[in-house]
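Q: For reference, the chains in residue letters:
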Amino acid sequence: MQIEMKDIHKTFGKNQVLSGVSFQLMPGEVHALMGENGAGKSTLMNILTGLHKADKGQISINGNETYFSNPKEAEQHGIAFIHQELNIWPEMTVLENLFIGKEISSKLGVLQTRKMKALAKEQFDKLSVSLSLDQEAGECSVGQQQMIEIAKALMTNAEVIIMDEPTAALTEREISKLFEVITALKKNGVSIVYISHRMEEIFAICDRITIMRDGKTVDTTNISETDFDEVVKKMVGRELTERYPKRTPSLGDKVFEVKNASVKGSFEDVSFYVRSGEIVGVSGLMGAGRTEMMRALFGVDRLDTGEIWIAGKKTAIKNPQEAVKKGLGFITENRKDEGLLLDTSIRENIALPNLSSFSPKGLIDHKREAEFVDLLIKRLTIKTASPETHARHLSGGNQQKVVIAKWIGIGPKVLILDEPTRGVDVGAKREIYTLMNELTERGVAIIMVSSELPEILGMSDRIIVVHEGRISGEIHAREATQERIMTLATGGR
Amino acid sequence: MKTEQLQTEQKRIHFDGVMQKLGPFLGLFILVIIVSILNPSFLEPLNILNLLRQVAINGLIAFGMTFVILTGGIDLSVGAILALSSALVAGMIVSGVDPVLAIILGCIIGAVLGMINGLLITKGKMAPFIATLATMTVFRGLTLVYTDGNPITGLGTNYGFQMFGRGYFLGIPVPAITMVLAFVILWVLLHKTPFGRRTYAIGGNEKAALISGIKVTRVKVMIYSLAGLLSALAGAILTSRLHSAQPTAGESYELDAIAAVVLGGTSLSGGRGRIVGTLIGVLIIGTLNNGLNLLGVSSFYQLVVKGIVILIAVLLDRKKSA
Numbered sequence: 001m002q003i004e005m006k007d008i009h010k011t012f013g014k015n016q017v018l019s020g021v022s023f024q025l026m027p028g029e030v031h032a033l034m035g036e037n038g039a040g041k042s043t044l045m046n047i048l049t050g051l052h053k054a055d056k057g058q059i060s061i062n063g064n065e066t067y068f069s070n071p072k073e074a075e076q077h078g079i080a081f082i083h084q085e086l087n088i089w090p091e092m093t094v095l096e097n098l099f100i101g102k103e104i105s106s107k108l109g110v111l112q113t114r115k116m117k118a119l120a121k122e123q124f125d126k127l128s129v130s131l132s133l134d135q136e137a138g139e140c141s142v143g144q145q146q147m148i149e150i151a152k153a154l155m156t157n158a159e160v161i162i163m164d165e166p167t168a169a170l171t172e173r174e175i176s177k178l179f180e181v182i183t184a185l186k187k188n189g190v191s192i193v194y195i196s197h198r199m200e201e202i203f204a205i206c207d208r209i210t211i212m213r214d215g216k217t218v219d220t221t222n223i224s225e226t227d228f229d230e231v232v233k234k235m236v237g238r239e240l241t242e243r244y245p246k247r248t249p250s251l252g253d254k255v256f257e258v259k260n261a262s263v264k265g266s267f268e269d270v271s272f273y274v275r276s277g278e279i280v281g282v283s284g285l286m287g288a289g290r291t292e293m294m295r296a297l298f299g300v301d302r303l304d305t306g307e308i309w310i311a312g313k314k315t316a317i318k319n320p321q322e323a324v325k326k327g328l329g330f331i332t333e334n335r336k337d338e339g340l341l342l343d344t345s346i347r348e349n350i351a352l353p354n355l356s357s358f359s360p361k362g363l364i365d366h367k368r369e370a371e372f373v374d375l376l377i378k379r380l381t382i383k384t385a386s387p388e389t390h391a392r393h394l395s396g397g398n399q400q401k402v403v404i405a406k407w408i409g410i411g412p413k414v415l416i417l418d419e420p421t422r423g424v425d426v427g428a429k430r431e432i433y434t435l436m437n438e439l440t441e442r443g444v445a446i447i448m449v450s451s452e453l454p455e456i457l458g459m460s461d462r463i464i465v466v467h468e469g470r471i472s473g474e475i476h477a478r479e480a481t482q483e484r485i486m487t488l489a490t491g492g493r
Numbered sequence: 001m002k003t004e005q006l007q008t009e010q011k012r013i014h015f016d017g018v019m020q021k022l023g024p025f026l027g028l029f030i031l032v033i034i035v036s037i038l039n040p041s042f043l044e045p046l047n048i049l050n051l052l053r054q055v056a057i058n059g060l061i062a063f064g065m066t067f068v069i070l071t072g073g074i075d076l077s078v079g080a081i082l083a084l085s086s087a088l089v090a091g092m093i094v095s096g097v098d099p100v101l102a103i104i105l106g107c108i109i110g111a112v113l114g115m116i117n118g119l120l121i122t123k124g125k126m127a128p129f130i131a132t133l134a135t136m137t138v139f140r141g142l143t144l145v146y147t148d149g150n151p152i153t154g155l156g157t158n159y160g161f162q163m164f165g166r167g168y169f170l171g172i173p174v175p176a177i178t179m180v181l182a183f184v185i186l187w188v189l190l191h192k193t194p195f196g197r198r199t200y201a202i203g204g205n206e207k208a209a210l211i212s213g214i215k216v217t218r219v220k221v222m223i224y225s226l227a228g229l230l231s232a233l234a235g236a237i238l239t240s241r242l243h244s245a246q247p248t249a250g251e252s253y254e255l256d257a258i259a260a261v262v263l264g265g266t267s268l269s270g271g272r273g274r275i276v277g278t279l280i281g282v283l284i285i286g287t288l289n290n291g292l293n294l295l296g297v298s299s300f301y302q303l304v305v306k307g308i309v310i311l312i313a314v315l316l317d318r319k320k321s322a
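Protein chains in written order, with the UniProt record's numbering: chain G, 1 to 493; chain W, 1 to 322.
Hints in this document: simulated from the structure, not taken from any laboratory. Just so we're clear, the structure is a prediction, and the values are computed from it rather than from any experiment. Cβ atoms here follow ideal geometry from the backbone N, Cα and C, with glycine treated the same way. Any given hint could turn out to be false.
[To be verified] Derived CB-CB ranges, DEER-like:
| id | chain 1 | residue 1 | chain 2 | residue 2 | range |
| --- | --- | --- | --- | --- | --- |
| 1 | W | Ile312 | G | Lys6 | 31 to 41 Å |
| 2 | W | Thr217 | G | Asp253 | 50 to 60 Å |
| 3 | G | Lys325 | W | Ser269 | 27 to 37 Å |
| 4 | G | Ala168 | W | Val180 | 46 to 56 Å |
| 5 | W | Val180 | G | Ser69 | 20 to 30 Å |
| 6 | G | Gly28 | W | Thr217 | 29 to 39 Å |
| 7 | G | Arg368 | W | Phe29 | 28 to 38 Å |
| 8 | G | Ala184 | W | Ile308 | 36 to 46 Å |
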């Protein structure tokens, strides 16, 4: 299928989201669509699949002008959209998920399970997926759920699959599996639109790339004719001299130390420390137990055994309240789920852990609250019209900044950041890194969990590698390489 | 984002906010106009004062329910708490306890019953609907056991106690004054203190609230206790007004309270809503009851009309947010 979108314009209210975007997709190609958050990628794809209607512009498919009136119609014509938030019904079986809304039934309306199973099996075989059709989809890993979605798309005979951030929650192994599948699909003439922030993947899997900025197409080119720096430059419209801002660490005393900590079934015998002004990177494969570790250190879950030492004194953290009182902040990996009150103002979000500091007589001093919040909004350059804007309406990067702001407010001694730049665009990433560096200059100790190796290498002073719930190695930043970390992360020596 | 975009975004948010705040007021206003056109005596001061006295009981219960619903919970046991605490208060008075002291003890009993709800929901990890459905049944049963199914009468002639449900102060019914005082205190609690902010935060996103260091369990237990306390206070007013405790008092009061909260624009999924809205919701229900009585509509039809008004209000609210 060949798709041609020409001069697409779209406004939401008074917001001009797209102003003259052109996009072309050839049969059997993997086409990267890149741009910062808010550049208009999703809107463009939603126009293609009929969720939104363009104000102006042409869409032709195989040379014929075609406009879909809703995503279902697009799907029937062979264009499937796999969203970042997967459409999975966790309580239903894999089979039920595959045929949701497209169940095959006899004339009497009875489901023909055997027929559906055969079809599903055939599709899974083609993708070489080995998944039981009768297990609940919620029990599958995110990677497997993604495969369910792909299989679902292919069963509708999709010729074009749009994937929005498909690897955001996948393990390394699942990513390479996904790439195998994409390569196979390509051979069969299926085209893929690949939306991602991960530059390494774009260069690994894509044939062509279209870069968008502020609702316009900046460039479309063959991936072999461009490079990392050029893409970034076109995306942000300026040169990013270094991805990871430099800093000279001045390390102080151990502020936080954990000794022989274990939580049954998650991790075992974990010991490490972090000094003031230091960034300790925690690397490892997805599911190695890093997030569980951080949750237990912060008191969300209970430690079964082990000791926590803060500023040289043995202490206990039984719940998050105690952690906050002792100067710990926790930026969780899933900001929408655990970090933000989405339908609440930025002001109230930032104020939340800090309420007592401006409620001297038990009543909130609204003036002091406003000053406090304004200061943090400015300091973190959160882009918003007003502190009353709800968190939901912010871009990923700005949402993350709100979460960071609320913890900076408490004046933390130790900050735990779990995947601090997930789903954050390049420009905001850089701002978050700069902020982390500034915090360390003021003596804050940072523990950063990240699945992005370049980020671990670029930001950490020391790197701890976790493998299957145990610390498999500790490397000084100077001696660290991607290969060394991956070896430790996969259980090698 | 460009500044121009940001400004339109700001305007839109502002407009939505205003609509959300004004909706219930507008509803009440229109209702009052309709009722007073159909029967001008509705607006007579005596009737208005009467209305305020009538709504006090539902008001107190609904205020407590507002906090509960803001955390994303529900309390079906408020009517049963009212009945049980009323029976106990009446029993104490009959056996010679000073009535004022009895009312205070009754409120404490209400708070303890509410606390049981709170503990079941937090420590027992039960769904609020189920937990309070069960305690509602238990409290109702205990009331029947204690009263043996008969009203408790012979509450004496204590002046203070009689004033509480029937008296007037400066020409205003005492229950109305109690309700307004409770409203002011609770409004400050909800909008001006960290406790109120935390109430919203728990309803908005409980996990995020926990990670932000909020003592979720404690706040919730306190809120269910508050709901119990306010129910008991409403029960004392009812007991004083009827000069007796009825074994079946407060039946379906929980539903009127929930209706008032919802009419006031508070979201049943928690995190959004205002106590002023609840006050308006209480007045809307009160106006309906009072107005339909004035118009001589049979009590059977009154229920139908009340139900339809709730449906319309919620439908309009849906439209607005869509």
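Q: Against this structure, judge whether each hint is valid.
A: Going down the list of hints, with the structure as the test:
The supplied range of 31 to 41 Å is broken by Ile312/W and Lys6/G, whose beta-carbon atoms lie about 47 Å from each other. Checked against the hint of 50 to 60 Å, the C-beta distance between Thr217/W and Asp253/G comes to roughly 35 Å, which is inconsistent with it. The hint said 27 to 37 Å for the Cβ distance between Lys325/G and Ser269/W, and at roughly 31 Å that hint holds. Between Ala168/G and Val180/W the beta carbon distance is about 53 Å. The supplied range of 46 to 56 Å therefore holds.
A beta carbon spacing of about 55 Å between Val180/W and Ser69/G contradicts the range 20 to 30 Å that was offered as a hint. The hinted window of 29 to 39 Å between Gly28/G and Thr217/W is violated, with their beta carbons roughly 57 Å apart. A C-beta distance of roughly 36 Å is found between Arg368/G and Phe29/W, which places it inside the suggested range of 28 to 38 Å. For the hinted restraint 36 to 46 Å between Ala184/G and Ile308/W, the CB-CB distance of approximately 59 Å leaves it violated.
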